[in-house]
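The hints should help you fit chain S onto chain P, whose structure is shown.
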Amino acid sequence: MWVQIEKVVLEAKERTAKIPEDTLKCDYIMRLNGILIEGEAVKGNEVIIKTLTGRTITGTFKERLPEYGHDFGKPVEELLHIGPVHRKMLEEENNG
Amino acid sequence: MDKSYDAVMSRKNEIMKKAMGLDYSDFQINDMAFDYEKMMTKAGLPIDEIRKIQLSNKVGNTPLFELKNITRLVRKTSEKGKGARIFLKDEAANASGSFKARRASVSAYMAKKHGYKGIVAATSGNYGAAVASQAAIYNLGCIILQEVFDSRFKGQPEIIEKTRKCEAYGAEVIQLSVGPELFYCLLDVLEDTGYFNASLYTPFGIAGVETLGYELSMQCKDITGKFPENVVITHAGGGNLTGTARGIKKAGGNSKVIGASVDLHGLHMASDNDFNKKSFTTGHTGFGIPFATWPDRVDVPKNAARPLRYMEKYLTVSQVEVFFTTELLSQVEGMERGPAGNTSLAAAIALSRELPEDEIIVVQETEYTSAGKHPSAQLTFAKENGIDVKVGDPRDNVPGKNIIIPENISQLGYKEIPIDKLRKTYLKNIKKNYGYIDTKTKENVDFLTAELNINADRLAQLIQEVF
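Heads up: the protein sequence lines correspond to chains P and S, in order. In case it helps, the numbering used here puts the first sequence at residues 1 to 96. In case it helps, the numbering used here puts the second sequence at residues 97 to 563.
Just chain S, same shape as in the assembly:
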C-alpha cells in the first residue's frame, strides 16, 4: 500500500470511518448545515449511563471545594460587598489526574464494546494520559502521538511529562517534532493497527464531559442550596466548555458559561522557533480562538466541541497570572495543582472582585502537577530560553519575551474578548470554507443561530456588519 503523505491523506475519510464506526454523512443536512443534536445522541448513551460507566472505571465524583482563603483575600482587596464565593472542582482526583479521564472513558468503553483491539489518540496534553489510563483499565492496546520537540530536539518539559505518564500506563508513545503532519502519522497508525480513533472531538468524548457540568451543579446545590451563577472553564479545543455547558443544562442549571484562556497572542502554534517559548502547552488563545471560530479544523469530519453554542463570556489571563495563582493555591489553600485549571482560577479571582458576595463562581477543573508542569520547572525552563522573569506589574508582560510575577492578588486582572468578535470570525470562516453564506433556507438559519447562540435578527445584523 502507498504510504506516502499524499496517498495516506487521500484515504482520510475511509480510515476515519473504520476507526470510529461513525458515518458523519448521517448527520449532514446540506453542504454547510448538519444536525448537531442528532450527532450528540448518536453517542448512544444517556448521561446516567455514562455516569455509571465512569464511576465503575475510576472517573468522576470528584470533590467540590470552597476556596475560603482566596475568597477572603479577594474581598479584602475589593469594594465593600464585592467578592463572589469561589469553589473549585478537584478534577485531579480522576484516575489519570485530570478531567480528560471523562473524555477518554466513553471512547475506551466504545472501543472495547465494538471489539477494537486498541485505541489511538493524537494529543500532547492530559488527554494522552487519560486515554492510556482507561486503556490500561480495559486492557486495550494504546498508542499516543505527541508533538514533543523542536528541530534542536529540545522537548517541552510539560509534554515530556506526558510522555512519561503515558508510558507509565503502558502506552506506546510516538514522539514527533513541530508540525501539523502529526495528523498524517495518526492516519498511518490507524491504518496499520485497525485501532479505534479516540479523537478528542467525537460525540463520545464530549458526552463524557457532560457529567462534569452535571456533577458540579448538583454538588454546588447540595453545599450551598443553589446552582452556581457562574462557571469558569479553561478553554482550548472547546470540548471542556461544550461538555460542561451541556451537563449544566442537563442538571437543570442556568449558570453563566465563561471561558478562560491564557493569552499567547503573537506566538505561532506551528512555528519551530516559537514552540519552546510557550510555558503552557494548552489552555491558551492559540487554540481557544481558532477552535471557537472554526471547530471543524480537527481529525474528525464534524467536531462535537462547538464552544460558541454555549460560551457567554470569554476572558484571557497571562501566563504569569497563572503561575501566581498556582503558587497562591499552594500557599493559602494547601492544594498543589497544575496550570490547566489554574487558568480559569486566575480569571475567576479577577471576576470575583466585580461580583456581589452572595454570588458563586465554580472553577470546574484542576489537574495534577508534576515535574515538567510545576511553575519551578516552567520558570526555570523559561529563563533558560532567554525569557526575563521578575516581580512587578503583570500588565507589562509580553508573551515569549518576559514573565512579570504580580506582587499581590489585587494585581490579577483579565482581558475580555467580545463573543460577537468571535461570532463574526466564525461567519467569515463559513464564507471562506463554503464560498457563501446562504440564509434563505430555514435549516441554514436554524443551524447558524444555534452555532452562534443568537436569534435570527441578530444573525442578519452580524452578517450585514461583516460583509
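Pulled out of the complex, with its shape left as it was, chain P reads as follows:
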C-alpha cells in the first residue's frame, strides 16, 4: 500500500536557525511517501514505511495514495488579449 507519513523534524521551540518570527512559531515538518510495511493505516497511527530507495522510516500515518493535487488552474481572462493584440500587430506589419 502506497502511503504518506508525517514527522515533526523539529518542534517550534527547538528551532534555532536565523529565521523570521512567523516561521519560528511553526514546527518543522517532513512528509514522506512509501510502501506501508508495519502498522495499521489509520490516521494518526505510528507506522513504518519503505521508501523508493529502500529506507525504512517511522512516522505518523497520514493518507493512502497521497494526491499531488496541482493542476493547470482556471483559464485566465486577463491573459486572453495577448494573442489577438499581437497577431493583429504582425498582420498590420505584413499589410505595410
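Worth flagging that the hints you see were computed from the coordinates, not collected in a lab. All values derive from a computational prediction rather than experimental measurement. Be careful, since some hints might not be right.
[What the hints assert, rightly or not] Distance ranges between label pairs, derived from CB positions:
(1) P/V42 / S/K99: 24 to 34 Å
(2) P/H81 / S/F563: 47 to 57 Å
(3) P/G83 / S/E561: 41 to 51 Å
(4) P/L24 / S/A552: 26 to 36 Å
(5) S/I533 / P/K7: 43 to 53 Å
(6) P/G54 / S/R248: 31 to 41 Å
(7) P/G83 / S/V562: 41 to 51 Å
(8) S/A552 / P/V85: 20 to 30 Å
(9) S/S152 / P/K25: 28 to 38 Å
(10) S/D484 / P/G83: 16 to 26 Å
(11) S/N481 / P/V42: 45 to 55 Å
(12) P/M1 / S/E408: 48 to 58 Å
(13) S/V562 / P/N94: 53 to 63 Å
Note that CB positions come from ideal geometry on N, CA and C, so glycine has one too.
Chain S in isolation, oriented as in the chain P frame:
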C-alpha cells in the same frame, strides 16, 4: 549516533567531505582567498569530455531558435533602426526538461565512477528532476529534499509539480515545510545513506553548464556568422550565469553577460507567511542578490557559482512581465515553455528595444511547462491567495499584493541593479564574515579583483567608498 540538530550540524564538514570526495582545503590560500581556477579544474574533466558524457546521456545539443515574430513586434514598437534579433536556446529539450540536466550530468557521472550507490540533492527546482533523471539513466538511488509547503500544508504548485516529476523518475522525495533546516535534513540523509551530494554548487555542476555557453556561441556563429553580442541569463543561485559565461569564453566568444531575475523585493525567503505569495519559486532577486553578493552561503564550503566574476549587467523584471512573455511566446512563436527562461526573455525583449537591429541577443534557456508551472495555474493560485490580478500598467505592480498584466509588448521594461552596488555589498559581506579586508598581499588583491571582475585601482576605490 547523536542525530540531534546541533550534533549533525557539527559533523557538517566530515559528512560533506565523504559525500563528495572533494577536500576544499586543497584550494584554500588563506582565511579569505582560495584558488578558484584550481578548484574548477579539479572537476577533472575538459569541456570536450563533458560534452561527450552529456550527449551520450540525453543532455545537450538543444536547438537555438530565432524568435522572428517577437523581434518584429519589438521593432514595430521601437525607434527606427532599433530592435536586436532575439534567439532562444531551447533547453527544455534536455531529457529532464531544463538546462539543469547539464548540471546534474557531471555529478551523476562522478557518483557512478567513484562507486557511490546513489545521489542526493536539496532543491525545490528543476534541478531535482534533473538529478532524478540522470540517476535513472545511471541506475543510481536518488533522494531529493524539497521545501514544499507552509504551516497550513498548502503546497506551492510549481514545487508539487517537481515532487511529481522526481517520483516519475523513481526518486524518493522528502517534502519539508518552510525553513533553512532543510540543510540539517540533507546532512542527516547523506550520513544515513552514504550517497553522493549532488550539490548545485560543486565544480562538477558548474563545469556541466559550461557546455551551454559553448554550444550557444557555436550555434549562433553557424546560423548568423558571428558570436552573439549579448547573452541574457536567468539568475538565481548563480550557477547558470557562471557556467554559461565560462563556456562562452571557452568557445572564444566575448558576449556581454547579462543576468536577469524576477523582482520579488519585500518577500522574505524563509517566511512561512510569504512562502505562498511568490508565484515563482526561483529565478528571483530573493536568491539572485544574496547569492551574487555572498556565494559561500551554500551546502558546500566553497561555492563554484560566483556570478560577480562574470556578470556585466543585472536586470530585473516583474512576475507579470514574465507571465505576459510566457503567453506571448505561445501565441506568436508557437512555443509553450515555463517561467525560468521566460524571465530572461522578458528582459531581452525590453533590452532589444534599445539595441541596434544588427546586434544579437541570445536568451540561453527555456524550461518545460506543466500543471503547477503554467501561468493559468500560477495566476489561479495567486487569486486564491488574495492577490489582485488585472490588465493595466505593469509599473503599478507590487510583489505579493497585485499582478497587473501589460496590455501590449511596448509596456515591457526592466530595472537595472548597478553591478557596483552588488560589488559593494560583497565587500561588506567579506568584512562581516572575516572581520577585516586585507589588501596588503598580492594574493588577496588578486582574489578580490577576480571575484569582482575589476582592476586593483577600482578595488581600492570601492573599498574607500564602502568603509
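Here is how each hint holds up against the structure:
Against the hinted window of 24 to 34 Å, the Cβ-Cβ separation of P/V42 and S/K99 comes to about 27 Å, which satisfies the hint. P/H81 and S/F563 have their C-beta atoms about 52 Å apart, which keeps the hinted 47 to 57 Å range intact. For P/G83 and S/E561, the hinted distance range of 41 to 51 Å is satisfied, since their beta carbons lie about 49 Å from each other. Checked against the hint of 26 to 36 Å, the pair P/L24 and S/A552 fails, with Cβ atoms roughly 44 Å apart.
Here the CB-CB span from S/I533 to P/K7 is close to 44 Å, well matched to the stated 43 to 53 Å. The hinted window of 31 to 41 Å between P/G54 and S/R248 holds, with their beta carbons roughly 32 Å apart. Range check, P/G83 to S/V562: Cβ separation about 49 Å, and the 41 to 51 Å hint holds. Checking the proposed 20 to 30 Å range against S/A552 and P/V85 shows it is violated: the Cβ atoms sit about 52 Å from each other.
Between S/S152 and P/K25 the beta carbon distance is about 50 Å. The supplied range of 28 to 38 Å is therefore violated. Against the hinted window of 16 to 26 Å, the Cβ-Cβ separation of S/D484 and P/G83 comes to about 23 Å, which satisfies the hint. About 33 Å separates the C-beta atoms of S/N481 and P/V42, a value inconsistent with the hinted range of 45 to 55 Å. Separation of P/M1 from S/E408 is about 56 Å and conforms to the stated range, judged on CB atoms against 48 to 58 Å.
At roughly 54 Å, the beta-carbon separation of S/V562 and P/N94 lies within the given 53 to 63 Å, and the hint holds.
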